[in-house]
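Chemist: Okay, here's what each chain looks like letter by letter:
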Amino acid sequence: MFFCRSQNFPFPRFDGKKINMYLYRRKEPKHHKQNMEKHNFVNIQGLDREQLLYLIRMAQEFERHPNRELLKGKVIATLFYEPSTRTRLSFETAANRLGARVIGFTDAKVSSVSKGETLKDTILMVSNYADAIVMRHYIEGAAQYASEVAPVPIINAGDGAHQHPSQCLLDLYTICQTQGTLENLNIYLVGDLKYGRTVHSLIMAMRHFNPTFHFIAPKELAMPEEYKLYCREHGIRFEEHEAFTPDVIAKADILYMTRVQKERFSDLMEYERVKNVYILRRDMLSQARPNMRILHPLPRVNEIAYDVDESPHAYYIQQARNGLFAREAIFCHCLGISLEQIRNDRTIIR
Amino acid sequence: MSKKERLVAAIENGTVIDHIPAEKTFQVVNLLQLQKLSTPVTIGYNFSSKMVGTKGIIKVSDKFFTDDEISRLSVVAPNVVLNIINDYEVVEKKKVVTPDELRSIVKCNNPKCITNNEPMDTIFHVVDKAHGILKCHYCDKEQVMDEVELV
Chain R
277 MFFCRSQNFP FPRFDGKKIN MYLYRRKEPK HHKQNMEKHN FVNIQGLDRE
327 QLLYLIRMAQ EFERHPNREL LKGKVIATLF YEPSTRTRLS FETAANRLGA
377 RVIGFTDAKV SSVSKGETLK DTILMVSNYA DAIVMRHYIE GAAQYASEVA
427 PVPIINAGDG AHQHPSQCLL DLYTICQTQG TLENLNIYLV GDLKYGRTVH
477 SLIMAMRHFN PTFHFIAPKE LAMPEEYKLY CREHGIRFEE HEAFTPDVIA
527 KADILYMTRV QKERFSDLME YERVKNVYIL RRDMLSQARP NMRILHPLPR
577 VNEIAYDVDE SPHAYYIQQA RNGLFAREAI FCHCLGISLE QIRNDRTIIR
Chain S
3 MSKKERLVAA IENGTVIDHI PAEKTFQVVN LLQLQKLSTP VTIGYNFSSK
53 MVGTKGIIKV SDKFFTDDEI SRLSVVAPNV VLNIINDYEV VEKKKVVTPD
103 ELRSIVKCNN PKCITNNEPM DTIFHVVDKA HGILKCHYCD KEQVMDEVEL
153 V
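Top to bottom, those sequences are chains R and S. Sequential numbering of the first sequence, starting at 277, is according to my numbering. Sequential numbering of the second sequence, starting at 3, is according to my numbering.
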């Protein structure tokens, strides 16, 4: 191929013949072009209202038809530097159900990290093999850094106590699915609001939808000041409660329970003191609104009694199922597949 | 002060950094990498100062700092004055302007931050210039500019 200096830009020619420039000059509609771009998915606060709704609409399509071959021929790497069962399985299932193949490791001990390899080198090495990298790391900001050095999209599957954006997207999807909207909802967050990254991400993502939050936690695990400041700065209404009673939760649309996570405590005595404080029992749901749904990022330990599972308000198992659809949407978003392409997809396996 | 009383010799051309809090003098040296210069550098400290109690003063011959270099000082000595000297005369006085972003200057105080676990640059966003609040680009932890540790 050589170039001639015609007009203001080089005309590509092939074997002396002019190539049909229409193919080169044709402009895609702007929204379509944006959708075709590859993206990283490392935090939730970087997504605006329209982007979140767009991803939710994508996930809706995957709920209707989860099995497709949209990613046929692609390789997805899952690098899990710390243990995770449901997140990893959910990502790997999403990749498999879209026709991609999966490589990776589930324990950093079996990778070259144990030999002292830097994260940058691991990411660059894996980028040679995979079309996208899903990573979970115990170090905060690891996914952001990986996204800056990697030539392929990075998907954050959790970085320490910092971010877990795919969990947040599936939470949003579930809220939208159960309430029919994301607007003007009363969302009650219960349990570990100090260390729980899912509740922090949910506040940031819901800022676009005029929510009212209620923070129910013991003093030791109360919502950190920085997130309350975030609410004030973004005009998000919130109330704080220490009591966890039927009256307090009577007006909830969403009751988001969290686990008091042992691994986040440096003082195990403190953990023992608070671990049984906020337990939801079926008899506490007597005054609940009919539309109220109970969510939980799982795994639960004892914060939701087993008799709650039979209640029509319980929704945490379905919520976990939604993780599949949300992660299928994330893969498509990251690999430049648009909602329009998903809607016109002819690779559905019925 | 007359030239006879001057404790540090005047320079013909270059930059005089004045009103450095005395204890910050060598941090300023490090931030501006003055130890790597080949031109004459005079460093004085523990001089009495009405402005900062005891001050440091640094005279650098034949060196004029860029605005970017000067902005690095905002972390340790935001109130220093840089006098630009030409033919023994002060031709310009420059003040430190706090930048929107600090790159490879401040250490993140979160031990679990990637910047403390990988050979890489730190990046901080100055989210509140009035109160000197910095936010780590990677882990989002905030810290106050007065209490930072330098890289």
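Please keep in mind that the hints were generated in silico from the structure rather than gathered at the bench. Note that the Cβ used here is the ideal one computed from N, Cα and C, for glycine as well. Don't take every hint at face value.
Partner residues aside, some chain S positions facing chain R, computed with beta carbon under 8 Å [said to hold, decoys possible]:
#1 Val93
#2 Lys114
#3 Cys141
Label pairs and their computed distance ranges (CB to CB) [claimed, not checked]:
#4 R/Pro522 <-> S/Pro80: 40 to 48 Å
#5 R/Gln321 <-> S/Pro80: 28 to 36 Å
#6 R/Ser587 <-> S/Pro80: 56 to 64 Å
#7 S/Asp70 <-> R/Thr394: 22 to 30 Å
#8 S/Leu39 <-> R/Thr369: 53 to 61 Å
#9 S/Glu103 <-> R/Ile625: 46 to 54 Å
#10 S/Asp123 <-> R/Asn372: 47 to 55 Å
#11 R/Leu365 <-> S/Asn32: 31 to 39 Å
#12 R/Thr369 <-> S/Val146: 24 to 32 Å
Mimicking DSBU-like on lysine-lysine, the simulated pairs with C-alpha atoms at most 30 Å apart in a straight line are [claimed, not checked]:
#13 R/Lys314 <-> S/Lys114
#14 S/Lys96 <-> S/Lys52
#15 R/Lys495 <-> S/Lys52
#16 R/Lys504 <-> S/Lys26
#17 R/Lys350 <-> R/Lys385
#18 R/Lys348 <-> R/Lys391
#19 S/Lys137 <-> R/Lys495
#20 S/Lys143 <-> R/Lys551
#21 S/Lys52 <-> S/Lys137
#22 S/Lys109 <-> R/Lys504
#23 R/Lys314 <-> S/Lys137
#24 R/Lys385 <-> S/Lys114
#25 S/Lys143 <-> R/Lys385
#26 S/Lys26 <-> R/Lys396
#27 R/Lys538 <-> S/Lys96
Chemist: So which of the earlier hints does this model not fit?
Modeler: Per hint list: 1, 4, 10, 11, 12, 15, 16, 18, 21, 26, 27 violated.
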